[in-house]
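*Asks:* Keeping their order, the protein sequence lines are chains A and B.
Just so you know, my numbering puts the end of the first sequence at 378, numbered straight through with nothing missing.
Just so you know, my numbering puts the end of the second sequence at 756, numbered straight through with nothing missing.
Keep in mind that the hints were calculated from the coordinates and are not lab data.
The structure displayed is predicted, hence computed values, not measured ones.
A hint or two may mislead.
Heads up, simulated SDA-like pairs for lysine to any residue below, C-alpha to C-alpha not over 20 Å straight-line [what the hints assert, rightly or not]:
1. A:K118 <-> B:F703
2. B:K467 <-> A:R313
3. A:K202 <-> A:Q135
4. B:K452 <-> B:S497
5. A:K74 <-> B:A704
6. A:K243 <-> A:K89
7. B:K467 <-> A:P300
8. A:K89 <-> B:G679
9. A:K74 <-> B:N671
10. B:K452 <-> A:D299
11. A:K74 <-> B:P591
12. B:K452 <-> A:D8
13. A:K209 <-> A:R255
14. A:K89 <-> B:P678
15. A:K202 <-> A:R163
16. B:K560 <-> B:L577
17. A:K74 <-> B:K580
18. B:K748 <-> B:R395
19. B:K608 <-> B:G642
20. B:K452 <-> A:K89
21. A:K118 <-> A:K209
Label pairs and their calculated CB-CB ranges [claimed, not checked]:
22. A:P300 <-> B:R384: 24 to 34 Å
23. A:N293 <-> B:M503: 19 to 29 Å
24. A:H127 <-> B:G679: 50 to 60 Å
25. B:G601 <-> A:A294: 37 to 47 Å
26. A:D122 <-> B:P678: 21 to 31 Å
We put the CB at the ideal spot given by N, CA and C, even for glycine.
Each chain, letter by letter, is given below.
Number of protein chains: 2
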Amino acid sequence: MPTALRYDLLNTDPQTRARRGRVTTLHGSFETPAFMPVGTQGTVKGILPDHLRESGAECILGNTYHLMLRPGEKTVAALGDLHGFMAWKGPILTDSGGFQVFSLADVNKITDEGVTFKSHIDGAMHHLTPTRSIQIQNDLGADIIMCFDQCPPGQAPIEDQLRALDRTLRWAEVCVEAHARKNEQSLFGIVQGGTHLDLRAKCAEALIKLDFPGYALGGLAVGEGFEAMKSVLEHATPLLPEKKPRYLMGVGFPRDIVEAVRHGIDMFDCVMPTRNGRNAYAFTMDGAIRIRNAQYARDPGPIEAGCDCYACRTFTRGAIRHYFFAAEMLGPMLVSLHNTRFYQRLMADIRASIEAGTFADFIASDPRSKLGPRVIAD
Amino acid sequence: MPTALRYDLLNTDPQTRARRGRVTTLHGSFETPAFMPVGTQGTVKGILPDHLRESGAECILGNTYHLMLRPGEKTVAALGDLHGFMAWKGPILTDSGGFQVFSLADVNKITDEGVTFKSHIDGAMHHLTPTRSIQIQNDLGADIIMCFDQCPPGQAPIEDQLRALDRTLRWAEVCVEAHARKNEQSLFGIVQGGTHLDLRAKCAEALIKLDFPGYALGGLAVGEGFEAMKSVLEHATPLLPEKKPRYLMGVGFPRDIVEAVRHGIDMFDCVMPTRNGRNAYAFTMDGAIRIRNAQYARDPGPIEAGCDCYACRTFTRGAIRHYFFAAEMLGPMLVSLHNTRFYQRLMADIRASIEAGTFADFIASDPRSKLGPRVIAD
Chain A
1 MPTALRYDLL NTDPQTRARR GRVTTLHGSF ETPAFMPVGT QGTVKGILPD HLRESGAECI
61 LGNTYHLMLR PGEKTVAALG DLHGFMAWKG PILTDSGGFQ VFSLADVNKI TDEGVTFKSH
121 IDGAMHHLTP TRSIQIQNDL GADIIMCFDQ CPPGQAPIED QLRALDRTLR WAEVCVEAHA
181 RKNEQSLFGI VQGGTHLDLR AKCAEALIKL DFPGYALGGL AVGEGFEAMK SVLEHATPLL
241 PEKKPRYLMG VGFPRDIVEA VRHGIDMFDC VMPTRNGRNA YAFTMDGAIR IRNAQYARDP
301 GPIEAGCDCY ACRTFTRGAI RHYFFAAEML GPMLVSLHNT RFYQRLMADI RASIEAGTFA
361 DFIASDPRSK LGPRVIAD
Chain B
379 MPTALRYDLL NTDPQTRARR GRVTTLHGSF ETPAFMPVGT QGTVKGILPD HLRESGAECI
439 LGNTYHLMLR PGEKTVAALG DLHGFMAWKG PILTDSGGFQ VFSLADVNKI TDEGVTFKSH
499 IDGAMHHLTP TRSIQIQNDL GADIIMCFDQ CPPGQAPIED QLRALDRTLR WAEVCVEAHA
559 RKNEQSLFGI VQGGTHLDLR AKCAEALIKL DFPGYALGGL AVGEGFEAMK SVLEHATPLL
619 PEKKPRYLMG VGFPRDIVEA VRHGIDMFDC VMPTRNGRNA YAFTMDGAIR IRNAQYARDP
679 GPIEAGCDCY ACRTFTRGAI RHYFFAAEML GPMLVSLHNT RFYQRLMADI RASIEAGTFA
739 DFIASDPRSK LGPRVIAD
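So that you can see chain A by itself, here it is in the shape it has in the complex (with noise of 0.2 Å):
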């Protein structure tokens, strides 16, 4: 029988802690360094699976909190899982719904045993538990699934982070036992603690302890800035299992991704692509751009010179540019596509350095490991 979950590590970059690799599922495999597109509520939005594939995506994310909520775990099991509700036969990662908890609901009580909060939707009350979160996952069916987690704020006092953490290390022994389809899921362990190094040091020795199939980092890209960040990545990340995979969840810019990558990340998700696309902003390689700015209007070339996706064979900057004025549908459609090819063409980019043994060169040399929110034209 095949196991849920395998990781090969395919070989190390000579001059950072880089690492190019592989993670097989029962769905199949992805190429690490990976860039998971996010599929919030059971869509990646505005891209139809065939695209999302051609794309290079290989694994796609869904989310707990949105799912539980519309139309339903129960609803989404009954029609395939998520493989066949949204027509992915791909690796799927669905998280664990508690960073949604904390940045989208209306917390009403956090106790041991879990959170009440208000849906987003329409207010009704809802009660999330470690295990009620395992079982939500288990019945959604993701080939990887995410520990239940506190999130404190980033600015929240070193108490806080504290208590939150201990929380999440009892609540990530409530969803090992919780687990009830390892034989076909891969559960992560999640490690927090702001950015406290001690802190995260203390989460990672405790969650390794629970052996786990893999590891991510939380609470990051949550407002802590770059220098920040890079400073948990550096020193948070080698103490990861070498033989697991690395999960950076919610990052982000193509420069965040980079340096991520240079400290040993392999997994990545973020909204960034389509939520920009949906608002006109378009990745390239040498910035961001606005699709609405005027100067595109009788714009005859493609959102960026050199790219292959759909959008860019296919649509003129000022065609594109018209349907973001005229409120078709084909303008978000069109920048998502792109962005989402985008990201993926950065990954290969960066999984072929990394092979080559050239990634320091990629990282001093590429504009995209530059591209952070400053060079986003408005």
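Place chain B on chain A using the hints.
*Replies:* For chain B alone, kept in the frame of chain A given last:
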């Protein structure tokens, strides 16, 4: 040098006036009877060109009124005319703007020269004349363009109908005169006259003298009712030249199309597949279904059993219903795609039955020949 338009009459049905033909333009051919999806603002809403082509559509429609207001015909021309702009390599037809001016805009003044109206987008004042309509359509560059006509309300008194008809005939001459790309674009005349068979005959006779390469029936499916439309189709269609294509504008339900084909109509356009699709109404052989209905929440079947469209091959009714409730673009995208394919399957089946000489049987036995407004479920 190839001609701008050729119509080949391939065969006629032995028991009806239905005809199987082919229209050839400089951008390729389309088989008739043909249904042309409507790309109002330079895109068939929510459908990428590759899926549109896959649906079986061979000729599509653009709207002069919308495109002159936004992005402007000069912008479309600068971006490769309408073919390049909307990435459609096959034949395109543009209407003249007449119908939209009278149905969408706030009409300020109608004179013998043309129409002054307020844009529905920003209230700006615009002037549209027969000459200007043809100039715009020359810039847009469609293969088939239409005369600018006056469309009086169906219930207007006979004197108003007569005045509008005289004006439409004078404007037709102006349009012929203004047309500057006769070697590339074919200008069709539009027979108006409401439900008055004598006015229809008068209009057809006058237009035929101008020797257009094709003829349309306008001013139908605007509230006159099915029986009145049948009467006009029965009496006016045979007045049109046999060796030229005949186009029924803005129609309609499958029932209407079948009825019109029976009388010898070759071309159709309607927003129904995409407008209904965006509103979660899906066409099936047995009638339209409302995919938002609770009964489909966990329905694992496709929109329509046996349909070969991408939506039906890929997604369940339950998932598509969820996309509508979650306001995900995939809902409108998928049902629009299905409806577009539904209409193309209808036309393919109509064409096959005319080829086989069995169109009368098709009318008698195929459920789509009765699919009108009443069978739309809600």
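*Asks:* Which earlier hints turn out false for this structure, listed by number in ascending order?
*Replies:* 3, 6, 11, 12, 13, 16, 17, 20, 21 and 24
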